[in-house]
Amino acid sequence: MSLALREVSLVYGSGETAVRALDGVSLAFHPGELTLLVGPSGSGKSSLLMVAGCLLRPSAGEVEVLGERVQRWEQEALARLRRRAFGFVFQHYHLFPALSAWENVAMALWLKGLRGEKLYREALALLEQVGLGDRARHRPDELSGGQKQRVAVARALAGNAPILLADEPTAALDGATGHGIAELLARLAHQGRVVLVVTHDPRMLDVADRILRLEDGRLKESG
Amino acid sequence: MLRPAPGIVLLAWRNLASERLRFAATLTGVAFAVVLMGAQLGLLLAFARAASTLIDHADADLWVTQAGTRSVDIAAALDLGRRHLALAVPGVVAADPYMVQFAFWRRPDGGTESVIITGFDPASGRGGPWNLIAGELGQLLHPDSVIVDRLFLDKLGVDGLGAVAEINNRRARIVGITSGIRTFTQSPYVFTTHAQAQNYTLFSPEQTTYLLIKLAPEAEREAVRQALAARLAPARVWTREEFARQSQRYWLLTTGAGSALLLATLLGMVVGVVIVGQTLFAITVDRLKEYATWRALGASRGELMRVILTQALIAAGGGYLLGALAVLALAWIQREATAAIAVSPAMMGLLFLLTLAMCFAGALIALGRLIRLDVCEVFR
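Line by line, the protein sequences give chains A and B. Per the working numbering, the very first residue in the first sequence carries number 1; after that it's consecutive. Per the working numbering, the very first residue in the second sequence carries number 1001; after that it's consecutive.
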């Protein structure tokens, strides 16, 4: 199993102002599946994504990544884990504006330890994989929203990350472009990755293998 | 072709270079701070050199001074009879009298200036002028003859060789001109023979202010110094380096001149810290989401901090290059001035270290923001 949460709770703050964002969530994710996480705003979707992506430590419960229980690991150890296990895609891309598409991807590969010619070839291959081989030298401000998101996906795939987490990856994209990104994520899942997508976008429903619904920090249903 | 050189340096460079106006302003600011610091350090170095220039050029191994002497320019009378005692110490091959004393120079137009009479033994030439560009040293053997530096001709109200003025109401004729002999006090050195200097300063023939000791090549300097000190007490015997340092300390520290220059250097540094700090902080805040993304992808805090420090290093390197060129140009322009800006490899090295420290200090605010970076900011 690549990623699993067991009885995970997350509480922000303390005392009377404490907010329980997740409440005893248990989930397992399997390679080859694209899982959608849906629910109303404030239901805890992003919190679950942050805990599953080892960006936040849970207040209680277990997080298992690639066979290791990591809920008590120190921040720098979690960073090293994210480096080898995770890729992230965000609604607003967060590409370095001063770097070209190729350099944005290459920086992620550099983090994973690649250097020199191998890094160069791998970055280009990732961009070709998302259909942007001919836009490698363009900077983010020279790309459309869909192209930027494809660069972000290519960056998330750096180092062949086995787990891909995406937060509203199609929310800022028009119809056809959003559909293209949804299909791309599904294809990447079916290549053997865990893909977890937080979304409100109905276009994602067509490509999902599993849909989870979160309300008030609790898992309500799955399908 | 694409350049396969991603990493900290690429990210740092692109972050700076993409904000051209901001980057240009930063480089200008750093360069300005470097010029400020460099000019002050250059003045300090020039003043330090001027404060000990007589000692540095006198070719003496040891200096015998009256007890309590704190600077080569301010000397008390020393009994010339001690010269024979000094010569009797094994290892001493010469003990030349040397006179340094303030006096009044009456300009041909009637004005008065303060000068420092510097009387040396023409037989040995030890303690005499250097960088002679006009006239001859031998001309000093004629009565009332003096040598002055061309930097001070205007100040002394004379126009060159043959000009006549008065020192303490006695005639003085210029028979030689040197180039680049500066003084800390801005009172020009006026070189003459020791005997003539005694006349100008109203010292008796049995008085001088220093004995310049030259040692035999095989003599052990410290042993001779101790022997001289024992024999000439209460006079003090200094090594050349000790006396040079003492003279520099006296003028630079006790007069406050050095402190003022160092304070100005510090102010230049503060200017640079503020400019660099403002730029790096602004660039960092603009990129927080990207840094948080990079952190999410597994970058360590150390790697994020290295980006900021590399930006500081780039700003320091670029600003230093521009500023150092300006400092060298300033030193060249000032080469004819009585208050020069001196440069040396060590001073330029120190200036670079100060620039680095300034830029890294400027980076601290940005580093502080990055250390507090919440990786979850990418979701907001």
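Any given hint could turn out to be false.
The following label-pair restraints were derived from C-beta to C-beta distances [unchecked claim]: (1) A:Glu74 x B:Ser1018: 29 to 37 Å; (2) B:Arg1372 x A:Glu68: 22 to 30 Å; (3) A:Glu183 x B:Ala1357: 38 to 46 Å; (4) B:Leu1356 x A:His92: 51 to 59 Å; (5) B:Val1285 x A:Glu128: 28 to 36 Å; (6) B:Met1305 x A:Arg137: 26 to 34 Å; (7) A:Arg6 x B:Glu1377: 38 to 46 Å.
Just so you know, these hints were derived from the structure itself, not from any lab. Just so you know, even glycine gets a beta-carbon here, dropped at the ideal spot from N, CA and C.
The hint says 26 to 34 Å between B:Met1305 and A:Arg137; measuring C-beta to C-beta, is that right? Holds - the Cβ-Cβ distance for B:Met1305 and A:Arg137, about 29 Å, lies within 26 to 34 Å.
If I claimed the Cβ atoms of B:Arg1372 and A:Glu68 lie 22 to 30 Å apart, would that claim hold in this structure? holds (28 Å)
Is it true that the C-beta distance of B:Val1285 to A:Glu128 lies inside 28 to 36 Å, as the hint says? holds (35 Å)
Is it true that the C-beta distance of A:Glu74 to B:Ser1018 lies inside 29 to 37 Å, as the hint says? holds (34 Å)
Within 38 to 46 Å or not, the Cβ separation of A:Arg6 and B:Glu1377? violated (27 Å)
Per the hint of 51 to 59 Å, is the separation of the Cβ atoms of B:Leu1356 and A:His92 within bounds? Hint violated: Cβ distance 36 Å, outside 51 to 59 Å.
How does the Cβ-Cβ distance of A:Glu183 and B:Ala1357 compare with 38 to 46 Å: does it lie in that range? Violated, at about 54 Å.
Hint compliance for this structure: hints 3, 4, 7 are broken, all remaining hints hold.
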